[in-house]
Structures are given as structure tokens and as C-alpha cells.
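Put together the whole structure using the sequences plus the hints.
There are 2 protein chains.
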Amino acid sequence: MVSEMSELKAMTKQLLLNAFGGESMAHMRYLVFAEIAEKEGFPNVARLFKAIAFAEQVHARNHYNVLREYNTDETVSAGTPIGPGSTSKNLELAIRGEEFEVNEMYPVYLEAARYQGVSEAEKSFRFALEAEKIHAKLYREAKEYVDQGRDMPIKGKVWICPVCGHTYIGEEPPERCPICGASRSMYRGF
Amino acid sequence: MVSEMSELKAMTKQLLLNAFGGESMAHMRYLVFAEIAEKEGFPNVARLFKAIAFAEQVHARNHYNVLREYNTDETVSAGTPIGPGSTSKNLELAIRGEEFEVNEMYPVYLEAARYQGVSEAEKSFRFALEAEKIHAKLYREAKEYVDQGRDMPIKGKVWICPVCGHTYIGEEPPERCPICGASRSMYRGF
Ligand SMILES: [Fe+2]
Ligand SMILES: [Fe+2]
Ligand SMILES: [Fe+2]
Ligand SMILES: [Fe+2]
Ligand SMILES: [Fe+2]
Ligand SMILES: [Fe+2]
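Protein chains in written order, with the working numbering: chain A, 1 to 190; chain B, 1 to 190.
Derived from the structure by calculation, the hints contain no laboratory data.
Where hints are given, some of them may not hold.
Identical copies go unnamed one by one, so any copy, or any two together, can satisfy a pair.
To be verified - Below, a list of computed lysine-lysine pairs in the DSS-like style, where the Cα atoms sit at most 30 Å apart:
1. Lys-9 <-> Lys-157
2. Lys-137 <-> Lys-157
3. Lys-143 <-> Lys-157
4. Lys-9 <-> Lys-89
5. Lys-123 <-> Lys-13
In C-alpha cells, the structure reads:
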């Protein structure tokens, strides 16, 4: 294990750090946005924000765990949309963050990890990329409802895979996670 | 409100952003460390990590809220200790992070906000600085127990002020928060 980790390349290490920073901030933004949605009378959108905050926690934890062999202080450079406001505006910020991760950040990070042959980082980036695609879609749906002054309908629960952050709305989680293969019983419902 | 915020100086704005990034990562690290402490059989240390994770959430939310008039994408530069491992090692990382905030980061951020006359930022940095002093002390105490193979004794609960992140161990929270003046009934217990 130690020998495997000592081969972690400097560039990939920095990308893991930046992704840890980005996911930690995404998690935090969604907790702030959930509080505001609750106050504005959109309880299902609040639930969606809380559930996806947990998915981002899964991503942050996965990235951070790849760095386990170190004991150093590092500097992270990561992007964040700013300007919390109404739930409509917050959904706009959320969509922008997710779309950046889907279209720019994770594809490049994934390619870099693959090129440098760091399979643990590649897996962690791939799990995040696949989940973010679903987040972007769900936030776009939520914004359509909120912009009509309505809460988003949620039949059942928002289910999160605690291994990869896969996000699914339904009465029951899928039998197996389509991203990582985890079994139904592992999902956490919100 | 809009006119007040449009006076937010560029330097202070960047420090708020960096502090938002730093607090978001501290929150996330402590959630990761809490899970590990739980598994290692240190339930009270896990509780301490979870409670302080919430205090860092309060700090991150306060910093982020000062930026409410914007609708832009920004880049954050923030430090984080890396290398999650045993609870003893994690407490070492936690102490290092808190001590950096107490001795270097927040005193400088506070001075910059004061110098630029941004009172909302000054308040947000001051709340964090005062709470981090307590965090550093509590983590040092916890590490002494863990390094003897013992869980930290906690009489009562770990209480967090949801306005400023003040952290207090006892049967009851204080009548008034010594940092921000919030009343006893507002505290959240862990
Ligand atoms: Fe994510
Ligand atoms: Fe996401
Ligand atoms: Fe999964
Ligand atoms: Fe803090
Ligand atoms: Fe702290
Ligand atoms: Fe307080």
C-alpha cells in the first residue's frame, strides 16, 4: 500500500487536492442553499440540496482518502460560484458549478490521472464525474419548478450511494448502483 | 444593503473567499475524522469532531453570506493538512489546522478587513478566530487521551453556537454566548 501510494505523481496529487477543495465547497454551498429553500417554502428542493450535499461529501472523502500516506500542509486552488440569494438564484449557481465539473473539470482531471497511471485517483474522479451529470440534470429540473413558484415534486426519496455519490429519485434505490456496483441496502435516503 | 455590499473591497472579498474554502475543507476533514474515530472505538472524539464540523459550517456560512450580492465564479486559494489515518494522526492534523488559523490566518484576515473598513467581514473573521482558539485546545486535550489509548471523557454535551461557532462542553450551554451574545436556547448539542 505504501509503495503504491509513494508513486502518486505530483500533478495528480495536486488535482486530488483541488478536487477535495471544490467538493468541500460544493457540499457547503448546498447546505447553505438547503436552509434558504426550507425558509422559502420549497421543502423538496431543500431535501434535494441536502441529499446532493451528502453526495459531494462522498466525493470529497474519496479524494481525501487517496492522499492518506501524507502528513503535510498543502494549498488548494478551486473554483466556486458565489452570491447566495433566493432559491432560484441558488439553483442557478448550483447548475453552473455542476456543469463546470461535468464539462471541464472532471474530464480533464480524469484524463490526467489516467495519463499518469494513478488508478485510485482515476476511480475517484470517475465516480464524481458520473454523479455530477445527474446533479446538473436534477438541479435544472428543480429550477423549472421554482421559477414557476412551485416546489419540485419528489415521489419517494432522494437516494445517495455512499460509495460513489450516485443520486436517484424513486420509491426504492436501484438493485445495484449503476456507477460503482454497490448493493441497494447501502443507499442512504433523504 | 446593495450599496453597502458594493463597497466590499477586492482584497477583503478574496480573503472571505479563501476563508470560505478553508472552513469548508475543515468541516469536511472533521466529518472524515469522525467516521474513523467511531470505527476505532473513540465515540466521544467522534462526537467532538462532528460538533466542531458544525462549528466550521457556521463559519463557512457566515463568510459565504457576506458575498451575497455577487453572481460570479471565483477561485479560492486555501490551505489544508492532508493524510487521514489513525485518530491520533487525524488529531495532529486537526491541531495543526486550528493553530494555523489562530496564529496566522485569522489575525491577518481580521486586520485586513479592519484596515479596509469592511465591518461584516471583520465580524465574520472575529467569530471564527475566537471559536478556533477553543477548537485547538479541545483537540489537544483529546489527543492526550487518545495517545493513552483512551476515549476523551465528555460530561454532558458538546454545545455549538449556530451564530458564531462558539464551542462548549458541559451539561448546559452558557446563558449567553461569550463570543456573540446569542442566548442559551439557540445552542445545538452533540
Ligand atoms: Fe461532487
Ligand atoms: Fe455534484
Ligand atoms: Fe455507487
Ligand atoms: Fe472555523
Ligand atoms: Fe476550528
Ligand atoms: Fe455565539
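message: Checking an output row: Lys-9 and Lys-89, CA cutoff 30 Å. Within, between, both or neither?
response: This pair counts as between: shortest inter-copy Cα distance 23 Å, intra-copy 39 Å.
- request: Tell me, please, which holds for Lys-137 and Lys-157 at an alpha-carbon limit of 30 Å: within, between, both or neither?
  value: Within one copy only: 17 Å inside a chain, 41 Å across chains, cut-off 30 Å.
- prompt: Is it within, between, both, or neither for Lys-9 and Lys-157, if the alpha carbons may be no more than 30 Å apart?
  reply: neither (40 Å within a copy, 43 Å between copies)
message: If the cut is 30 Å between Cα atoms, do Lys-123 and Lys-13 qualify within a copy, between copies, both or neither?
response: Classified as within; 14 Å inside a copy, 35 Å across copies.
task: Could you figure out if Lys-143 and Lys-157 sit no more than 30 Å apart (CA to CA) within one copy, between two copies, both or neither?
output: Within. Shortest intra-copy distance 18 Å satisfies the 30 Å Cα cut-off; inter-copy 40 Å does not.
Checked against the numbered hints listed earlier, the structure breaks hint 1 alone; every other hint is satisfied.
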